[in-house]
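Visitor: Letter by letter, the chains look like this.
There are 2 protein chains.
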Amino acid sequence: MFIDRLIESIKEKNNPTVVGLDPKLEYVPAFIREKAFKEYGVTLKGAAQAILQFNKQLLDAVHDQIPAVKPQLAYYEMYGTEGMIAFDETCKYAKSKGLLVIADGKRNDIGTTAEAYSKAFLGETVLENEIKEKAFDVDALTVSPYLGVDGIKPFIDDCARHQKGIFVLVKTSNKSSGQLQDLVTQDCRSIYEIMASYVNEWGKNVKGQYGYSSVGAVVGATYPNQAKLLRSIMKHAYILVPGYGAQGGTARDCVNSFNPDGLGAIVNASRSVMCAYTSESWKDQYSPEGFADAARAEVIRMKEDLNNALAQR
Amino acid sequence: MFIDRLIESIKEKNNPTVVGLDPKLEYVPAFIREKAFKEYGVTLKGAAQAILQFNKQLLDAVHDQIPAVKPQLAYYEMYGTEGMIAFDETCKYAKSKGLLVIADGKRNDIGTTAEAYSKAFLGETVLENEIKEKAFDVDALTVSPYLGVDGIKPFIDDCARHQKGIFVLVKTSNKSSGQLQDLVTQDCRSIYEIMASYVNEWGKNVKGQYGYSSVGAVVGATYPNQAKLLRSIMKHAYILVPGYGAQGGTARDCVNSFNPDGLGAIVNASRSVMCAYTSESWKDQYSPEGFADAARAEVIRMKEDLNNALAQR
Chain A
1 MFIDRLIESI KEKNNPTVVG LDPKLEYVPA FIREKAFKEY GVTLKGAAQA
51 ILQFNKQLLD AVHDQIPAVK PQLAYYEMYG TEGMIAFDET CKYAKSKGLL
101 VIADGKRNDI GTTAEAYSKA FLGETVLENE IKEKAFDVDA LTVSPYLGVD
151 GIKPFIDDCA RHQKGIFVLV KTSNKSSGQL QDLVTQDCRS IYEIMASYVN
201 EWGKNVKGQY GYSSVGAVVG ATYPNQAKLL RSIMKHAYIL VPGYGAQGGT
251 ARDCVNSFNP DGLGAIVNAS RSVMCAYTSE SWKDQYSPEG FADAARAEVI
301 RMKEDLNNAL AQR
Chain B
1 MFIDRLIESI KEKNNPTVVG LDPKLEYVPA FIREKAFKEY GVTLKGAAQA
51 ILQFNKQLLD AVHDQIPAVK PQLAYYEMYG TEGMIAFDET CKYAKSKGLL
101 VIADGKRNDI GTTAEAYSKA FLGETVLENE IKEKAFDVDA LTVSPYLGVD
151 GIKPFIDDCA RHQKGIFVLV KTSNKSSGQL QDLVTQDCRS IYEIMASYVN
201 EWGKNVKGQY GYSSVGAVVG ATYPNQAKLL RSIMKHAYIL VPGYGAQGGT
251 ARDCVNSFNP DGLGAIVNAS RSVMCAYTSE SWKDQYSPEG FADAARAEVI
301 RMKEDLNNAL AQR
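Top to bottom, those sequences are chains A and B.
Sequential numbering from 1 applies to the first sequence in the working numbering.
Sequential numbering from 1 applies to the second sequence in the working numbering.
Honestly, the hints are just simulated from the structure, not real lab data.
It cannot be assumed that every hint is accurate.
Copies of the same chain are indistinguishable here, so a pair counts whether it falls within one copy or spans any two.
With a cut-off of at most 27 Å between alpha-carbon atoms, the simulated BS3-like pairs for lysine-lysine come out as follows [what the hints assert, rightly or not]: (1) K13 x K235; (2) K35 x K132; (3) K204 x K175; (4) K175 x K228; (5) K132 x K38; (6) K56 x K134; (7) K11 x K56; (8) K153 x K24; (9) K24 x K132; (10) K303 x K228; (11) K134 x K38; (12) K175 x K56; (13) K134 x K35.
Quantities reported herein were computed from a predicted structural model and do not represent experimental measurements.
Whenever a hint applies, use it, and build me the whole structure from the sequences.
Guide: If you want it as structure tokens, here you go:
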């Protein structure tokens, strides 16, 4: 089960953190960008290769501290096919370092097309007769629930079949998330509560040995009160918590997504780790050449921050 | 304005149809598959190249009859980076034939990430100083509204800046679409009605000369009654109508998405066109080698079917 592998890695590293690999080109130190542009020209390929080098050095520095990484597909698609090659290479490199890879793609479509998306990221693509290949080989994928269960079920089937996971959007971290998600229906429940009930239901057949399901949920750190309620509705879902750090969520805000067993949530940080070398906290200690060491220092600081908040609640 | 270009092409070809390019490998005639596998091996590249050849021959046969094509990203992502190269080549080939390209990706994310998706498909990616490149150059993109306006606005900005369009999911064609979309809120409106009001509002600053907006909506042909209501709520939105043909929607079902001016909707058909050569209607007249001619015959039949239904209402 994906969820068992995730929990075991969180326990081993004593760190419920996932590092988001959303590498905007401006985050990449100039020396890496310049080298790549010199080698490949100021092209999409040059940019994609710069990002790949940045990711690899980050992964070298932090892989022993964290259980998982979360590359955000948009930041690779924006460099076209070269960007997708960099995404693929990033995933492979992360896996070679023992990390779980959660692709953040928020994919969603009707059933037959959701099947194709699921094959792309979680399952296998049949080429001819018995010959199959993996397109992008990741461990889990974020998915969006606007189309209801028949847009989700193909992913769940692959979770069972291939030991993979999904995280379904429930309450997202952005400001306007309430525009749809906070609407209240005639039975006095909000859309995010109803989605949470679905997630709980959808995940019941892919539970692992720790009682958690490989069907998880996304609940932003920026909505700690809603997180408390959602934690109680989705007893068995692992919660992926974006919004810590740069988006304003604190470790205390994140605590509401955890269960009393200290499990149940994994907190994402992207910019605060990738750009640690330019941050107020670390820029005096680390030069751009030391960006990966700064990222490591920030990952360790964040781990302690989260573990302290969990201990103090 | 994207929407003006779309309307002019629909008028010129007298055909409110978009052909979905969702090329499952099993749809591709054996002679094309075998040739590609012989050249590139039974690999993801071989499969992707088979699909690209299939698409190109289809486009050669139908481009003068239709205003637009809609490649579905899932069916390219499932062949990995090679699939994305085939997607890119398909889009370029379609544009070279004078077709508008609507990428069906149902992308969605928080604001900064939606910006990256928008750059990927509609805008431009900045590489260095003033140097910009287009990642995937399409005319319009489908987007999913679960995150509210700040996940949509970056796309709308690029619609204005780069003469592009979006189609926002409102009421999708699949069976379980009601699980979220039909929920009724305390002001007695369904989610799809509320989303339709948003779409109307979001599109008001990107209207073209025919009174329609470059912010359109997706409303499935399988829900004709809802389409009638949604047509009246979204006065200025062009409606992309999936679900005709293989999914069970008829031309009469589609009519409800059109305005009295005969405009306002574009109907998608994928499988019924791509697989025309295997269908009951056409398989006696066309061999697998004639798949593109069969697709053309089906496109012409569908055009007449829609135009008759529009004339008879």
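Visitor: Could you place K11 and K56 in one of the four classes (within, between, both, neither) given a Cα distance threshold of 27 Å?
Guide: Within one copy only: 24 Å inside, 52 Å across.
Visitor: Using 27 Å as the alpha carbon limit, work out where K204 and K175 are close: within a copy, between copies, both or neither.
Guide: between (31 Å within a copy, 22 Å between copies)
Visitor: First find the shortest C-alpha distance between K134 and K35 inside one copy, then the shortest across copies, and answer within, between, both or neither for a cut-off of 27 Å.
Guide: between (32 Å within a copy, 22 Å between copies)
Visitor: Indicate which option fits the pair K13, K235 if close means a Cα-Cα distance not exceeding 27 Å: within, between, both or neither.
Guide: within (24 Å within a copy, 55 Å between copies)
Visitor: I want to check one pair: K175 and K56. Are their C-alpha atoms no more than 27 Å apart within a copy, between two copies, both, or neither?
Guide: Neither, since 32 Å and 43 Å both go past 27 Å.
Visitor: Between the shortest in-copy and the shortest cross-copy C-alpha distance, which are at most 27 Å for K153 and K24: within, between, both, or neither?
Guide: between (33 Å within a copy, 19 Å between copies)
Visitor: Within a copy, between copies, both or neither: where do K134 and K38 come within 27 Å Cα-Cα?
Guide: Result: close only across copies, 20 Å inter versus 33 Å intra.
Visitor: At most 27 Å between CA atoms: does that hold for K56 and K134 within a copy, between copies, both, or neither?
Guide: Intra 22 Å, inter 25 Å, cutoff 27 Å: intra and inter.
Visitor: For the identical chains here, do K132 and K38 meet the 27 Å Cα criterion within one copy, between copies, both, or neither?
Guide: between (38 Å within a copy, 17 Å between copies)
Visitor: Have a look at K303 and K228 and pick one of within, between, both or neither, based on CA distance no larger than 27 Å.
Guide: within (21 Å within a copy, 54 Å between copies)
Visitor: Could you figure out if K175 and K228 sit no more than 27 Å apart (CA to CA) within one copy, between two copies, both or neither?
Guide: within (18 Å within a copy, 32 Å between copies)
Visitor: Please sort K35 with K132 into within, between, both or neither, judging by C-alpha distance up to 27 Å.
Guide: Only across copies: K35 and K132 sit 18 Å apart there, 37 Å inside one copy, limit 27 Å.
Of the numbered hints stated above, the single one contradicted by the structure is hint 12.
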